[in-house]
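Q: Here are the chains, one letter per residue:
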Amino acid sequence: MIDLAGITKTFGKTDVIREIDLKITKGEIFTLIGPSGSGKTTLLRIIDLLDTPSAGSYRFDGTDTQDPATDLIPLRRRMAMVFQKPAVLNTSVEENVAFGLKFRGVDSKIIGEQVRAALDMVGLYHLAKRRAISLSGGEMQRVAIARAIITKPEILLLDEPTANLDPLSSDTIESVIKKVNRESKTTVILATHDMVQGQRLADRIGVIMNGSLVQTGTGHDIFYRPDTQAIARFVGIDTILSGTVTKNMEGHAYIEVCGRTIEAVTSLPPGTKVNLYLRPEEVSLSLPKTNDHSRSSIRNHLTGRITGIVPFGPFERITVDCGCTITALLTRFSCEDLHLLPGMDVVAEIKASAVHVTAYKP
Amino acid sequence: MSDILSGITQALNLIITLNPDVLEIAALSIYISLSATLLAACISVPIGGLIHFYEFPGKKVLITIIQTLYSVPTVVVGLVIYLLLSRSGPLGFFGLLFTPEGMILGQTVLIIPIMMGLVISALSGVDRTIRDTLISLGATGFQGVIQIVKEARYAILSAVILGFGRAISEVGVAMMIGGNINGETRVLTTAIALQTGMGDFPFSIALGIILLAIALVVVISLNLITSGVFHKAGQIWAGAPKE
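Chain order of the listed sequences is S and U. Counted from 1, the first sequence has number 23 at position 23 by my numbering; the numbering is strictly sequential. Counted from 1, the second sequence has number 152 at position 152 by my numbering; the numbering is strictly sequential.
Treat the hints with care, as some may be off.
[What the hints assert, rightly or not] Cross-link-like lysine-lysine pairs, in silico, DSS-like; alpha carbons within 27 angstroms at most:
{"hint": "1", "chain 1": "S", "residue 1": "LYS109", "chain 2": "S", "residue 2": "LYS152"}
{"hint": "2", "chain 1": "U", "residue 1": "LYS60", "chain 2": "S", "residue 2": "LYS109"}
{"hint": "3", "chain 1": "U", "residue 1": "LYS150", "chain 2": "S", "residue 2": "LYS102"}
It should be emphasised that the hints constitute simulated quantities derived from the structure, not laboratory data.
Hey, can you work out the whole structure from these sequences and the hints?
A: Given below as structure tokens:
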């Protein structure tokens, strides 16, 4: 459906996005995650044909969008975009929602019915007659979403659609997005800095950093198998270590890391310098005297000293110095149960399969 | 002091008794300035729109020239139009010198720059995201322009009202092109100048009060528009949501 090759956009002397290759197939939900200012919005604007790329090619459903003979309006009318900063026109809510259909010359009777359905979907029908500029930021965002879905787009582009919303409204919007995708086979491309939302909605995720699309894959790939240290840090992997494979027995490797040996699953041969990534949720802690290695399937037991305990929502983020720093995420209850305090000696336990190993990259 | 007090008393008397001379002059003033305003609006709004929506070399220079012409002296416009309309001038054959129509033309030329400049500002004031939203919703160029003009409607209306204010309060063009002919081209401002020179203070004061009253109506309308009273009235008129 969407085929981008080598897309670069330059403003002044800076490349806002650089050589992006991306194919998005019909009916999928693709989320773009990345820090603020990484180029997500620019990429969405290029896909929506609001901006033209400085280099590269963009084919929309087989049509070359850069061909001067291509009329862009019919292509734009097959898409709809919800902007991060919702803009409403100075008229009533229902008229705002109706614009897309009016521009397409739809009969006013049909527009009326569809406006009602679209507003119902985002839970705003009771505000239909209100002036749109008097709405709150969150309500405006929902108007913008109703205004986009009413045109039954083949491709729905959403730029941080829930950034202005409270958790309840976010849930409503997420279910609307899923419903539209499921029922109308709408392709959804969503940019967000909220990784969890990205993972919750997506069939596929693309990570964009400093203007480059650095990794695409399933949620599992991105969150457990990041390609680089920067991606790993962005997706919440606190512990990134480097070491050398010393032994490999049919994919079960022994890796020397800061004077310790960590067991992991990888096919990399002995002598290879590697990076190890540990998600904090996959690290559990126990007290040295209760730790019975023999009865556990956990292969890695690293003794160390707690250097810090920081609250993290319903969890506690605990850093342990085992020669190198390892971070664990424990529920508050388990933390209290073990009476964990900074300065205490503990054992960090990690399953070999939970350690993600890649060849060394700085 | 007694001159002023008795002048005001007599002036109020002239207004309350609907003195025909006073009414005729006021009516002609409103006719000429309103016509000039409508004519200038028909020219300024579309051309201001074109200047705003199209990129061309020299655009910034053109906008600066328009803004400079906000403060062109009325007598200079009067002089130029006089030369154009005089018998030996290039437009002399129309015979518009010393006619209300000639005055309309002069005032139109006078207020076009301020109206056009403010229309351009009004359109620039529409948020860029509105433009993006309209394009993204599938608007053609024309549909988009119409919506953006609608979005700037209150600011554009303010520009038009301001143009009217400048037209009705100017003396230069009215005096030089109209000639202040009694019953033909005598308007509020020229009449005040003449009657004051002749020592007829009550008549001048009466016309001054009317001129100020018109200015008051203009200012009140401007305030109502910019303070958004019309938005709220529209909202009340549209009806409160029913649950």
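Q: Hint by hint, say whether it matches the structure.
A: Going through the hints against the structure:
1. LYS109(S) x LYS152(S): The given pair, whose Cα atoms are some 17 angstroms apart, holds under the 27 angstroms limit.
2. LYS60(U) x LYS109(S): Not satisfied, since the Cα-Cα distance of roughly 45 angstroms exceeds 27 angstroms.
3. LYS150(U) x LYS102(S): 15 angstroms, holds
Hint check: a violation occurs at hint 2 only; the rest are consistent with the structure.
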